[in-house]
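Residue strings, one per chain:
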Amino acid sequence: MLQYLVILLAEDSVSFCHYENRNTGNLLSINALKESLRISMLENLSVQYVFPEGELPAEYLAAIEVVENVKIMPSNSPYAEKANVLVFNGFFNLKSAKSGIPYVVRCGKDEFFTNYEKLIPLLEVTPHLSVVFKDLVKFNENDFAQYKTVLETFSKHVEELYVDGKSPQFNLLTDRMYLDKMRNCEAGVKTITLAPDGNFYICPAFYYNGEMPCGNPNDGLDIKNPQLYKLEYAPICRRCDAFHCRRCVWLNKLTTLEVNTPSHEQCVVSHIERNAAKSLLAAIRKHGEFMPQLPEIAEIDYLDPFDKIEK
Amino acid sequence: MNIKERAEAWRSGVSKNITFIVTKDCQLACKYCYLVGKNINERMSFDTAKKAIDYILSREDEFKEESVVWDFIGGEPFLEIDLIDKVCDYIKMETYRLNHHWFNSYRFSFSTNGINYHEKKVQDFIKKNHDHLSIGITIDGTELKHDLNRVYKNSGKGSYKEVVKNIPLWIKQFPFAGTKVTISSADIPYIKESVLHLYSLGIKEVNINVVFEDVWKDGDDKLFENQLIELADAIIDGGYYKDYACSFYSEHIGKPMDIKLENQNWCGAGKMLSVDAAGNFYPCTRFAQYSLRSKKAVIIGNIHDGIDKNKLRPFLTLDRLTQSPQKCLDCEVASGCAWCQGENYDAAETPTIYQRATAICLMHKARVRANNYYWNKLFRKLELEGEREEYEKSKHDGPLKIC
Numbered sequence: 001m002l003q004y005l006v007i008l009l010a011e012d013s014v015s016f017c018h019y020e021n022r023n024t025g026n027l028l029s030i031n032a033l034k035e036s037l038r039i040s041m042l043e044n045l046s047v048q049y050v051f052p053e054g055e056l057p058a059e060y061l062a063a064i065e066v067v068e069n070v071k072i073m074p075s076n077s078p079y080a081e082k083a084n085v086l087v088f089n090g091f092f093n094l095k096s097a098k099s100g101i102p103y104v105v106r107c108g109k110d111e112f113f114t115n116y117e118k119l120i121p122l123l124e125v126t127p128h129l130s131v132v133f134k135d136l137v138k139f140n141e142n143d144f145a146q147y148k149t150v151l152e153t154f155s156k157h158v159e160e161l162y163v164d165g166k167s168p169q170f171n172l173l174t175d176r177m178y179l180d181k182m183r184n185c186e187a188g189v190k191t192i193t194l195a196p197d198g199n200f201y202i203c204p205a206f207y208y209n210g211e212m213p214c215g216n217p218n219d220g221l222d223i224k225n226p227q228l229y230k231l232e233y234a235p236i237c238r239r240c241d242a243f244h245c246r247r248c249v250w251l252n253k254l255t256t257l258e259v260n261t262p263s264h265e266q267c268v269v270s271h272i273e274r275n276a277a278k279s280l281l282a283a284i285r286k287h288g289e290f291m292p293q294l295p296e297i298a299e300i301d302y303l304d305p306f307d308k309i310e311k
Numbered sequence: 001m002n003i004k005e006r007a008e009a010w011r012s013g014v015s016k017n018i019t020f021i022v023t024k025d026c027q028l029a030c031k032y033c034y035l036v037g038k039n040i041n042e043r044m045s046f047d048t049a050k051k052a053i054d055y056i057l058s059r060e061d062e063f064k065e066e067s068v069v070w071d072f073i074g075g076e077p078f079l080e081i082d083l084i085d086k087v088c089d090y091i092k093m094e095t096y097r098l099n100h101h102w103f104n105s106y107r108f109s110f111s112t113n114g115i116n117y118h119e120k121k122v123q124d125f126i127k128k129n130h131d132h133l134s135i136g137i138t139i140d141g142t143e144l145k146h147d148l149n150r151v152y153k154n155s156g157k158g159s160y161k162e163v164v165k166n167i168p169l170w171i172k173q174f175p176f177a178g179t180k181v182t183i184s185s186a187d188i189p190y191i192k193e194s195v196l197h198l199y200s201l202g203i204k205e206v207n208i209n210v211v212f213e214d215v216w217k218d219g220d221d222k223l224f225e226n227q228l229i230e231l232a233d234a235i236i237d238g239g240y241y242k243d244y245a246c247s248f249y250s251e252h253i254g255k256p257m258d259i260k261l262e263n264q265n266w267c268g269a270g271k272m273l274s275v276d277a278a279g280n281f282y283p284c285t286r287f288a289q290y291s292l293r294s295k296k297a298v299i300i301g302n303i304h305d306g307i308d309k310n311k312l313r314p315f316l317t318l319d320r321l322t323q324s325p326q327k328c329l330d331c332e333v334a335s336g337c338a339w340c341q342g343e344n345y346d347a348a349e350t351p352t353i354y355q356r357a358t359a360i361c362l363m364h365k366a367r368v369r370a371n372n373y374y375w376n377k378l379f380r381k382l383e384l385e386g387e388r389e390e391y392e393k394s395k396h397d398g399p400l401k402i403c
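Order-wise, the sequence lines are chains A and B.
Heads up: the first sequence begins at 1 in this note's numbering, then just goes up one per residue.
Heads up: the second sequence begins at 1 in this note's numbering, then just goes up one per residue.
Hints are not guaranteed to be accurate.
What the hints assert, rightly or not - Using 30 Å as the maximum straight-line C-alpha spacing, the simulated BS3-like pairs for lysine-lysine come out as follows: (1) A:Lys190 <-> B:Lys295; (2) B:Lys16 <-> B:Lys260; (3) A:Lys311 <-> B:Lys295; (4) A:Lys308 <-> B:Lys153; (5) B:Lys393 <-> A:Lys230; (6) B:Lys309 <-> A:Lys181.
As the list claims (entries may be wrong) - Covered by chain B, per the in silico footprint, the following chain A stretches (three or more residues, Cβ under 8 Å): (7) 220-230; (8) 253-263.
Hint data in this document are derived by calculation from the structure and do not stem from the laboratory.
Don't be surprised by glycine CBs; every beta carbon is placed ideally from N, CA and C.
Okay, chain B solo, but in the shape it has when bound:
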């Protein structure tokens, strides 16, 4: 049974996300990249990956989730396609040999810059594992917008041309694939045209979010709101809402939240597991040293000694109430306002995950206003055209959670 046939099971169950940081190297040096410690030296060996897999698979009672996402990230993961292929084969063989409950209930997941997507080794890997693959190519929009940030590390040249030529192949192989777009201050004027450009390339799902870091300038929220309103007009007037999705717009955001009933943490750090080339375990990749600007890595164990469960306790008991400042608890439009536990930790006054960073506050409020506009306009149009009922039956709401 492949992952598409198991879609219902995936939705109803909880999956474990296990990330291999296979390399800290990348062809690009994107200007908004949170990975401050990229380098060409830290490449994972097969032995390290094998020890991590052996540790995890031998503890079925501790890793009880119904399914697993084996995630490979970098740097650029496809720079290590030989290692990845060997690791994936080992996972498949071992889960079969052990009669593990994750055998055939797994996904291999990649976020790639798309530059070497067409290469033979990558394509061979895709053919071999296609039914269990989830691959996202990051393309930020128009050539201008994309090349603002996503530049080669050596030349500083934009990477759009090399990426966009691989998009048709990718969409052919994964018709329902989505892309992830990250918005920083300088990108705001290009949001509308970029999303429409991605739609024109055939990408039907655009997952987009503003960076959590404190990069925003005075007036950015108003510019952002205007862009989202213009984009809303284009999506609705152009009829894109029928077949395309943009995660900026969601019916679920912008509501007050109940302190007791809606007290869960946003982020999955701690429920995930990440391992690096040195064999260290992290609650999420964002807690590895190469992701952190100003704090020490949070290492929760290693492939030799295992996981120190005491170090997971703060992550697994973290809730919204305990980490949020009062202004967030009182906020009238709190729902959908996201946070990244790693950025919270990196930005906190003390080395704690219990201090929520609020740099996106004004941007979230701007998004909520534009979101209200989108749904008011769309629903009115549907009602006037007698299509509201049909839309409600068939609608697909954009993903609410973005990390």
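Next up, chain A with everything else stripped away, as it sits in the complex:
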């Protein structure tokens, strides 16, 4: 059931995920904005605004407050003080950001391997740190090995913080510890996006990469083959226990041509994180009781569940 409406306020609304935005400043029309907000009220949808870097007209700033909302903003937004989520493009300005709200750091894998230590202090500043790789599909065997090592390093810091009584939240390590079933992006199932052209899309990436829209505020939503966005219709994912995986339907389509089928790279990266979470959970529990209701994460002998499916 649909729960969230993401509204891209402009063509250059900050990217908070794997896709790239466009740098033109075209705004979503005020009429489309107002109509979509009316629909959000009718359908009980929680609204998430995605802000561009620049300023918005006063008319927009007034209109968006008609409904309760979450504001996703670039770290250099003139409205950053009002943000509910801050997005950093790379490792710049990390220290000067507003504290106490979730951070998203978008970066390339090589950039991450070089700069990851800069993220460690953030674990005490933000209630939730998310790292999103712009080039996840380019991970290779060497990157997998390096990624595993980097997460082990992170894990030691996170373990120390937990021992100190803190509860840092970091998508690459701790998200999986707290889950006993899939919690993915769910674009097309729980979330839909209104793009600056006034149409609905499965997610921002579908808009920026030229996919067909799936309706508009006037005619309603019309998702073709909607079942394929659901977990039950994903033969690899429905067997998987990397519960924290984004299960990005856009990356799926980009790499395998099917929204319900993940690439080898997405699976292996998620399983390296899963296994790091398993080790971290075990390490924290050596210091005393910790979330006893959470089951142990099982030992497995694969990094890509595709390998376990009989073909």
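Knowing the structure of chain A, use the given hints to seat chain B on it.
Just chain B, lined up with the frame of chain A:
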């Protein structure tokens, strides 16, 4: 050891099917042909075929199947007999040189319209490779039925006469060869007489199926059922069931299917590999652009960069449950109801292989009813004549899978 001597091995093992689209040209323009993009320009070069073979043979760890079927299709493959001969020689030499596990565990396979079957170059090729050959000539039945669809592209004239004159030579060379018959809406009234006609030509195995495309008219299912019942009467009353086979009738079809235990995909797309003149790889020929009406080709790699394994993942994890609508999962006569992954893709609302096309639903149900009639009548006759036990020992069930 030739392929006949290795029959048991072929049955017990899994073979890899590798298809070369050697030309997109054909003498005919059959009215039901799914190849919408045929042309005279796209002919495979030896260099392209060689690169594809080199790529495949150098990856023995990725192509582990016990045996291989090297399939040559078109258009009409025998238009490129010089290329095919050279390619087959190269395959034989390379598998020998590499001590490849497919050396002597291979078959060269052709589906031809039969028009130039008698020509010297084709006959020389057959003599050279006879023990490793599988050749099917497509003949649709009586002259009337055949010429309804299988017409020359330039004149529109039927091709029956040129094909049928080559049938005796073909049967002499391949006594157990079968033919493939395709049924579209206009062909339904001719099914019975066509199958019997093919039997009369000496063709003992008739593999026949309805097209997967959405071509059916109201009432076609009833006409189809009647034709199959009349054919069943003719086969049983005429005693043809003893020595001839028609794939319409199978003891295995028309049963409900278990969602968990019978969840496998029908189609082998993705487990096969197809290569075209441009050197592009496809999961099956049906995903090449010349086969598709409304969708983009699904290219999974090429002879230079290799296969993108990510693009194979959807094909190799596809199952019946995930792609079928609820009515198919609940169907009481589901078994034997086929689908073509390429047609599913072509007909889908979005570019996906995960939406099963169901245009043949009523035709399958009609087939099941006629099939029930066939087996009830045949078994009763055998029991009354005291021949049931003997039949069970010697029977050959028609092929269940047709693609």
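Going down the list of hints, with the structure as the test:
1. A:Lys190 <-> B:Lys295: Measuring from Cα to Cα gives roughly 29 Å; hence the hint holds.
2. B:Lys16 <-> B:Lys260: 26 Å, holds
3. A:Lys311 <-> B:Lys295: 26 Å, holds
4. A:Lys308 <-> B:Lys153: 49 Å, violated
5. B:Lys393 <-> A:Lys230: Cα-Cα ~49 Å, so violated.
6. B:Lys309 <-> A:Lys181: 28 Å, holds
7. 220-230: holds (count 3)
8. 253-263: Holds: 9 residues of the segment 253-263 of chain A have a Cβ under 8 Å from chain B.
Violated hints, in rising order: 4, 5; the structure is consistent with all others.
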